[in-house]
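What follows is each chain in one-letter form.
Number of protein chains: 2
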Amino acid sequence: MASLADIGLAAAINILSAIAFLVAFAILRLQPFNDRVYFPKWYFKGIRNSPTHAGAVRKFFNLDCRTYIRFLNWMPAALRMPELELIDHAGLDSVVYIRIYLLGLKIFVPLTFLAFAVLVPVNWTGGTLEHTRNLTFSDIDKLSISNIASDSNRFWAHVVMSYAFTFWTCYILHNEYKVIASMRLHFLASENRRADQFTVLVRNVPPDPDETVSEHVEHFFCVNHPDHYLTHQVVYNANKLASLVEKKKSLQNWLVYYQNKFERYPKNRPTVKTGLWGMWGNKADAIDHYSSEIEKLTKEEETERERILSDPKSIMPAAFVSFRSRWGAAVCAQTQQSSNPTLWLTEWAPEPRDVYWHNLAIPFVEITIRKLIMAVALFFLTFFFMIPIAFVQSLANLEAIEKVFPFLKELIEADAVKSFIQGFLPGIALKIFLIILPSILMLMSQIEGYTSLSSLERRSAGKYYLFLLVNVFLGSIITGTAFQQLSNFLNQSANNIPKTVGASMPMKATFFISYIMVDGWAGIAAEILRLKPLIVFHLKNTFLVKTDSDREQAMDPGSLEFASSEPRIQLYFLLGFVYSVVTPILLPFICVFFGFSYLVFRHQIINVYNQNYESGATFWPDVHRRIITGLIISHILFMGLLSTKGFGESTPLLVALPVITIWFHIFCKNRFEPAFIKFPLQDAMVKDTLEKATEPTLDLRSYLHDAYIHPVFKDEDFYRSSAIEEEENNPLVATKRNSRLSTPVHSKLGSEFGSENEA
Amino acid sequence: MASLADIGLAAAINILSAIAFLVAFAILRLQPFNDRVYFPKWYFKGIRNSPTHAGAVRKFFNLDCRTYIRFLNWMPAALRMPELELIDHAGLDSVVYIRIYLLGLKIFVPLTFLAFAVLVPVNWTGGTLEHTRNLTFSDIDKLSISNIASDSNRFWAHVVMSYAFTFWTCYILHNEYKVIASMRLHFLASENRRADQFTVLVRNVPPDPDETVSEHVEHFFCVNHPDHYLTHQVVYNANKLASLVEKKKSLQNWLVYYQNKFERYPKNRPTVKTGLWGMWGNKADAIDHYSSEIEKLTKEEETERERILSDPKSIMPAAFVSFRSRWGAAVCAQTQQSSNPTLWLTEWAPEPRDVYWHNLAIPFVEITIRKLIMAVALFFLTFFFMIPIAFVQSLANLEAIEKVFPFLKELIEADAVKSFIQGFLPGIALKIFLIILPSILMLMSQIEGYTSLSSLERRSAGKYYLFLLVNVFLGSIITGTAFQQLSNFLNQSANNIPKTVGASMPMKATFFISYIMVDGWAGIAAEILRLKPLIVFHLKNTFLVKTDSDREQAMDPGSLEFASSEPRIQLYFLLGFVYSVVTPILLPFICVFFGFSYLVFRHQIINVYNQNYESGATFWPDVHRRIITGLIISHILFMGLLSTKGFGESTPLLVALPVITIWFHIFCKNRFEPAFIKFPLQDAMVKDTLEKATEPTLDLRSYLHDAYIHPVFKDEDFYRSSAIEEEENNPLVATKRNSRLSTPVHSKLGSEFGSENEA
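So the protein lines, in turn, are chains A and B.
The first sequence runs contiguously to residue 759 in UniProt numbering.
The second sequence runs contiguously to residue 759 in UniProt numbering.
In short, the hints are calculated from the structure, not lab data.
Each hint should be verified, as a subset may be incorrect.
Because identical chains share one entry, a pair is satisfied inside a single copy or across any pair of copies.
Only pairs whose alpha carbons sit at most 25 Å apart, straight line, appear in this in silico DSS-like list of lysine-lysine [unchecked claim]:
(1) K678 <-> K371
(2) K178 <-> K371
(3) K371 <-> K669
(4) K418 <-> K431
(5) K273 <-> K299
(6) K106 <-> K313
(7) K403 <-> K273
(8) K178 <-> K669
(9) K249 <-> K499
(10) K532 <-> K431
(11) K249 <-> K540
(12) K499 <-> K645
(13) K261 <-> K247
(14) K248 <-> K299
(15) K240 <-> K532
My request is simple: use the sequences and hints to build the entire structure.
The structure is reproduced here in structure tokens:
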């Protein structure tokens, strides 16, 4: 095991590399030509534009030395924006997301102080390791629970601290849940009028022999919500059309690429191979080829559009039903409509950007079956993912390569190459798997049939957390694959599982400390440097971008990746809880991680990420539940550890901890969770009344008219023509579109953040 | 182990004793003076009255010999009433309850045939036991899975049958759930107008400094349900008053008893001791004593009534809020009212008879804490109940008695008495505990804070099921107390638990067969004989009854005891599933139990039980869930058994069974459970529209006016005076009260069932 000095050295290296990243970031971000990579959000808000007033060099490089001196001043800048303004600027989802890091600080900073004040002295003076002969130990071990003799009364300190930590965590968690629930309610209450406030998504509309889906929906809601029903919008199965549009877009990209190429080198007209992946087949003139392809697709698209609108089969048994008031929508979303609970399923409509159109037409029975299959698949993926990877690895060895490609034999046999391949190949399959894992999990969630992007992200995060828990946390403590662990566990006593894990916990502390530094610290530093988007943007900017909208697309930073980053944060919570009692020296590393992450992500959500949708922090119950899970796991492992230490008499005392924690969870769930899934009538009524008083002449029908049409139909003439004519030119819709841009707050902030470059 | 002949003999004995019970029942029920014990339901319906037309002897004894010959014809009579009529006569709860027995038949009769056709021959020709020396075995064992050699391919038959049984069970369960859900919906749809259709129970009304609870409720619902709110009824804390009324009633009973005594023997005026339990203290004239006590209580009652009505503190923060339409009530019951989900909690009001008034005022946090405490208490009760009982037993031994009561020494030392005490005393504490257990569990459910009698019964049933599962089922298979089992289990491998239980399963088959006969068959026969109510009724009738209403009270058979009898049925389901593959010979005994029970309980709900409330079969999801639990337990134990038989390779195949079953459960839950907890708006709208068309002038406000007042206030002048005067003499309320009695169907049935006596 590593000594304190080793850990210090590793920490120093990691800190240095993090600082190197930060310095690189500080320099790169000051260059105007990187501005769109590091401050894309301001461009999207329309507050910043490409610098035009300076000369050619100053357009690309920042030659003002004074700005380099203050290379760390993005940090206070990131912290300066007050929270309310931040919600307005970046949305509630992002703000609540960075509050997870803040929550980590709130929990673990006091825990660190308490643990260093009480447990470290107790452990340090335990003196067991010094008196045991033939044992190598380090200072880290002297600080951990390993230094205390079996059956010593000193363990009472740990038991008491375990209680103190749990109560503190629950106290903070409770406060945070309360704050976030009220933030959400306040956010929903202060929101402007939005289409989803009036709209309910209805699925599984039963087929009717005499009526079309649209008529059936209208009649049903006219009868059963007579005073509240306003209008509805059927859902077309436009999946094929969407893929055509997608394909056309990519072809247009290539066309632009070759046109640019041709402009630059007008002598040789670019050619392309028309076969598979552009690597086989006949050569053809690239520009002509793509132009004709695009033409073909455009026609195909037209036919498909017409087919969708004329064919009744392309209307899915689902609809977005809008109501006269928020009250009416809240009632419909929360009640059961028909006596058959699998028909006329209503749920609050996700906001239009958040809809996952692909899944709107899956019938009830199919969803149940899909969920079963995905649950089984997730189990196998979690516990048996090593089997196919090991198989691929066994194929990808030197002999196999030599057999398939005999001409490579000499090259491979060279020592340097050989050792490189031997060291590299076995890992590559695993690395590739881990990189694509979030996509696999997202695909699984999509198959499960969720209808909004936000719910897809939440479900994927849950799956990823399970994977990390089993394969990273347990897998690191107990060596061996998850499958071996599972079979070991099944053949062990139920009592022995926490014992086995608990007993090996203290020995793995140094491993996890370096894990936190490498994966956590360096990961966050890499996050702010944005190396991949930086390269991709400059490549695209050089080869593809022609118009401003192209450039906007190229610099689009996308959303925060909740599905993959939230479970990683949860891993740090888990490590913190587990080691808070066992090896408190790990806690400062966790605290640094949370603090640094908070800083970086606050900067990122202000300057970089541009959320695709706004769910109003609906993910918080999941975050809360997973933190509670981590806490309970830590209790169980601590019980196991103490019983291997001959301190089993404390077990009855410790059993109370998970019981209390579970009860606390149920309490919080009942108390706060409804705020995230239900819609109080009182609040709806307040907003309705206010609106009626301030805007008595509001034409809601035209406001809602095209809110929920499939994105491929948006801004299409042909769709409009099928809609009611007189509603077309309603000023409200236009107003809403414009109002997104440039409010006073944004311009003020934009100038504040932009000032460094312009100085 | 018992041989087939032994089992046959035991069966014969049990069948004979059951027949003896039945003959006794056949004779007793034909005696007119027992009529009120065996046919009370008809008296409550007002169809039967005490025979008056015959002489003194014929009034008490049935001297018509012909009726004795047909002593078993209650059986076809019980089956004759069609189900729809039965629902009308006995309510949906009772009908669905007896359908549990029918479900047992539907599942286990085909299972029996299949098992006897396939598994019995396979087992019989297994030939292992014959070839093993030094082993005593019986024919029962030759029919069971024990007769098959380790690792034999014959086990495939059992695996395949296990699948067949599971699919059959799921098929039947699915159909049954479907039928009962539609029965419930049909029942609710065809019900007459009832107060609870329009009413919602609102709890946790927040305190308001400026308004009373009543005003606050009215304002809140006027604002948030403006078009639908009609009226409301506050809830008084009348618990003290109710106990006073209860006490007065019991004193009045005693007064009547002594008055009757005095009338019979006018010479000596009865006296009573005024101290504790009437055993100590001064002697006093009994009639005077009770009269004066009653007078005192009446005054106290008056003061308490006035206090409740005048003191604002006696108004609880809860109310029954009624709406103009069923639609409005359905909306309010299913939606969240306030942004704080612990305030303004709404739920569909139980019907007035079903309300458990005592629990209406418990605040949210307290309920959460109470539930935690009760969950912990249930755990200890289930696993550690033997500890206090063993303690009591250790106290109640011979020496202890001799020490406390030295004068009894000689009596006790007599051999006969001594052996009696030694055989009797250790068991008595356990017996008493088992008798009062359902009451303990009911008390625990009451502490948990449920607000309706039906939910209390459902929760108690769940607790009792857990107790039976752990202590009767597992406790019988593995000898030793539940606590010892628990500690054994914790120290065993998770894999080993089903192995241990599974391996000892086949050996316990004969025990469970005799359990089914003694507890099941004889229990049902005793149920129809109603020995305890028979004795109690005649005692009361002799000593207390003076008026007709007294007699009605004395003969009140109460409701079916769902809380204690349903978990017992579940035990038979569990036994059936577990042994269907292992020892199929047990199945016919289960089938006989279900068939016989169905017959008996169909008779009982027609002639005896008088349900206190009608919940519309809301308990079915619980029944379904527990049957599924039994099925899954059987799968796990079968897996354990096969792996001890060296047939572990089938485990992966068998693991699919519980997974499929759990999925099936989730599917059914989503598909059918909403019918039992939610209230479709479509159905509400249909009923509303119909009512508006047929009774456009209905005065709903007066109809609902006193529907939800505490029973102690019912029919009290003082309460009426505080209500609005002009609503008093509304004909609707009176009509409803009268309409309970004598509809054409009832008279027809009454005469049919009554014909035997009158012939």
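* Using 25 Å as the alpha-carbon threshold, which applies to K418 and K431: within, between, both, or neither? -> within (20 Å within a copy, 79 Å between copies)
* Taking 25 Å as the upper bound on the Cα-Cα distance, should K273 and K299 be classified as within, between, both, or neither? -> within (23 Å within a copy, 106 Å between copies)
* Evaluate K249 and K499 at a C-alpha cut-off of 25 Å and name the case that applies: within, between, both or neither. => neither (57 Å within a copy, 61 Å between copies)
* Asked: Within a copy, between copies, both or neither: where do K249 and K540 come within 25 Å Cα-Cα?
  -> within (15 Å within a copy, 91 Å between copies)
* Check K499 against K645 for me: Cα-Cα at most 25 Å, and say if that holds within a copy, between copies, both or neither. => So K499 and K645 pass the 25 Å test inside one copy only (10 Å; across, 30 Å).
* Status of K371 relative to K178 across identical chains (alpha carbons, at most 25 Å) -> between (32 Å within a copy, 22 Å between copies)
* Up to 25 Å between alpha-carbons, please classify K532 paired with K431: within, between, both or neither. => Within. Shortest intra-copy distance 17 Å satisfies the 25 Å Cα cut-off; inter-copy 75 Å does not.
* Up to 25 Å CA-CA - K532 versus K240, copy category -> For K240 and K532, the Cα distance exceeds 25 Å both inside one copy (31 Å) and across copies (74 Å).
* From the Cα coordinates, with 25 Å as the cut-off, is the pair K248 and K299 best called within, between, both, or neither? -> within (11 Å within a copy, 91 Å between copies)
* To do: First find the shortest C-alpha distance between K178 and K669 inside one copy, then the shortest across copies, and answer within, between, both or neither for a cut-off of 25 Å.
  => within (11 Å within a copy, 32 Å between copies)
* Since the copies are identical, ignore which copy is meant and state whether K678 and K371 lie within 25 Å (CA to CA) inside a copy, between copies, both or neither. => Answer is both: 24 Å inside a copy and 24 Å across each meet the 25 Å cutoff.
* Asked: For K403 vs K273, is the C-alpha pair at or below 25 Å within one copy, between two copies, both, or neither?
  -> Neither way: K403 and K273 sit 31 Å apart in one copy and 108 Å across, limit 25 Å.
Hint check: violations occur at hints 6, 7, 9 and 15; the rest are consistent with the structure.
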